[in-house]
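Protein chains in written order, with this note's numbering: chain A, 1 to 145; chain B, 1 to 142.
It is worth saying that the hints were derived from the structure and are not from the lab.
It cannot be assumed that every hint is accurate.
[Said to hold, decoys possible] Among chain B residues calculated to face chain A with C-beta under 7 Å, some are:
1) L27
2) P67
3) L80
[As the list claims (entries may be wrong)] Pairs of lysine-lysine residues, derived as BS3-like cross-links and limited to a Cα-Cα distance of at most 25 Å, are as follows:
4) K30/B - K112/A
5) K140/A - K3/B
6) K138/A - K80/A
7) K138/A - K3/B
Ideal placement from N, C-alpha and C gives every residue a C-beta, glycine not left out.
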Amino acid sequence: MPTLARYYIRTAFVWLVLAFAIGIAMLTSQLWALKSNPLAALQIVFYHALMVGWVTQLIVGVAIWLFPVHSREQPRGNEKIAWAAYATFNLGLGLRSVVEPMLQWAPSSLVKWAVVSAACLQVAALWFVLLMLWPRVKAKVAKAK
Amino acid sequence: MPKFSIFSIRASLLYLVIGGSVGGIMLVSKAIGVWPWIWYWRTAHIHAMLVGWLLNLIFGVAFWILPRLDAHGWRGSPWLVWSASGLLQAALAVLVWASIRPWSAAIAIASSLECLAAIAIAWHCWPRLQPLIIEPRPAQNK
């Protein structure tokens, strides 16, 4: 399995664990019977940790590993794009997970612009994923006899 | 990779980018209170990510990678998978249209189309879910 794919898949597992930890915290907080539960702000973080951090990152990692090779010289395509996607994907999601609930807990202009930065990083990551995987979705090249 | 899989996986990548970009705009809107109209697109964002991205990808990879039906590599009639894909794209188009011009029946129509797509892909995949059959080598004449 290529190094890139291992990074993506291992990080996906980290997000799976984080998502469940957030889920446990949210469920446990319901037992406190508070008038307004502050951890309800984590619900959107929980969904995105699970669907983006775990599911999407796992799929991208497996696609890097198993999709048809790009070329003999660059079997996984341009690896710089793949690493840029990995960095922006996890930075964006990580930053969003921290600052999005803070919009409810302690809103400030710094928090607001941090959320905007997280959104930009996440959208950039998806474009990098598209650029990385698009050329590898192709028909099998017939070998010359 | 067969033609259907190329179409379906590339469509899924486009849905990932488009659906994710809408999500990004929603997040910016939430933070700084601009473009409030983007929240009409919330249902379209969720469907683009869960149906457009994940289901198109699953359909494409399943058609490509599930066991073949015979030794010549026959994957089964492709009309069922193309129908499933067409129904899925129609469902997503209905939802996007309903985001622009709110329409009460949109969710029911889109869900019905998605259900028909699920039936079509299950119908195609069912006979391909079989154990690997290794045929014995022909006896060698000594």
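Against the structure, the hints:
The closest approach between the C-beta of L27/B and any C-beta of chain A is roughly 4 Å, which is under the 7 Å cut-off, so the hint is satisfied. For P67/B, the suggested interface contact is broken, since its CB lies about 16 Å from the closest CB of chain A, more than 7 Å. Hint on L80/B is violated. Least Cβ distance to chain A is approximately 21 Å, over the 7 Å limit. For a cut-off of 25 Å, the pair hint linking K30/B to K112/A stands: about 9 Å separates their Cα positions.
The suggested pairing of K140/A with K3/B holds, with an alpha-carbon distance near 10 Å, which does not exceed 25 Å. Of the pairs offered as hints, the one joining K138/A and K80/A holds, with about 21 Å between alpha carbons and a cut-off of 25 Å not exceeded. Of the supplied pair hints, the one linking K138/A and K3/B holds, its CA atoms being roughly 8 Å apart against a limit of 25 Å.
Checked against the numbered hints given earlier, the structure breaks hints 2, 3 and satisfies all the rest.
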